[in-house]
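Build out the structure end to end from the sequences listed, making use of the hints.
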Amino acid sequence: MKLSDLSKGRDNNFNLIRIAAAYAVLVTHSFALALGTGDAEPLRHTLGMTLGSIAVDVFFLTSGFLVTASLLTKQDSLDFVVARVLRIFPGLLVMLLLSVFVVGLGFTTLPWQNYLTDPHTYKYFAKCLTLVRGVDFELPGVFTGNPYRNAVNGSLWTLPHEVAMYLILVVAWLALFPVQRHRTRTFRLLLILSALVSGARVLAGHYGLMDEATPFPRLFFMFFTGAAIFVLREHIQLARPVFLAALAAVVATGLQGGLFFPAYLLCLPYILFYMAYVPSGRIRNYNRMGDYSYGMYIYAFPVQQSVAALIPQISVPGMLAASTIVTTLLAALSWHVVEQPAMGLKSAVLSAVRDLISLRRRLPR
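Just so we're aligned, residue 84 is where the sequence shown starts under the numbering used here, counting upward by one.
Think of the hints as simulated: they come from the structure by calculation, not from any bench.
There could be a bad hint or two in this list.
What the hints assert, rightly or not - List time: in silico DSS-like cross-link candidates among lysine-lysine, alpha-carbon distance up to 30 Å:
(1) Lys91 <-> Lys157
(2) Lys157 <-> Lys85
(3) Lys157 <-> Lys429
(4) Lys91 <-> Lys429
(5) Lys429 <-> Lys210
Spelled out as structure tokens, the structure:
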């Protein structure tokens, strides 16, 4: 079965995969936030990565594939930007309001007047909302006595990288406007080359041949591998024997150790897209619930820190149980009350932006 045939429309398992990935991040953080260190996470020592880091790779692969599909199908950069803004920022805004003015105010060790007048309170809010120059992690006096001290929402570190990928993608598309006749073909080639070159860069960094100071190269590789897979979808066959072989290779090298990372980089994309499109039937019923993954991802960390503050010396299983219940409820509310309604405004917002652009062009200079 060609990936191009299976990927038409929205009938797939990405919602289920993303909620599983978001929950994997919650599981990984449960060790650090309950115990004060992430060293107890089982996969960290055996594989050199955690469930959470694998989940982030899955997010970026998925995102690269889906947003590239959106851009190349519609070939409308303004539509692309509006859609991305409405997907990321309304949910983020509400979460930050709750984090700063409910969680922060409730758990700060400072008098509430001092907390509300501290400039860092608003610096945290503005920096995390804009995502322009990274994010902040600390609010004044909040979670200072927790096992994992001070950090309010450590999960947000990936969002500036995600937004950066969107910007790189759309800027590259706009930069090719002068070569209109060959624009799409050149853009597709650029995406494939980006995946190949960044993959070599990540492998070199893993084996100490290049500096590996930040996670950006790996996230770039994952995102643009997803983008390249969309470009090459006509040439990709999703077959059970290949899927099983890829899965076996990852498991076998994971048990053996030395070759796990290259096997992981090579096989993860195939495993992901096979699972996203081939299993069907009742498993697709999950799509009726909605996409709770973003809410799960952005709310889990502050919920877990709140649990750690309220229940000192809580165990990892206790942290998992308590934070799963609260975070799932918040994620569902975020989707149904904030995220889905915001995305439903896309046509109206897009029309308004186009009207403003048209009006500006008509104004005398």
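Practice task
Check each numbered hint against the structure and report the violated ones by number, ascending.
Solution key: none
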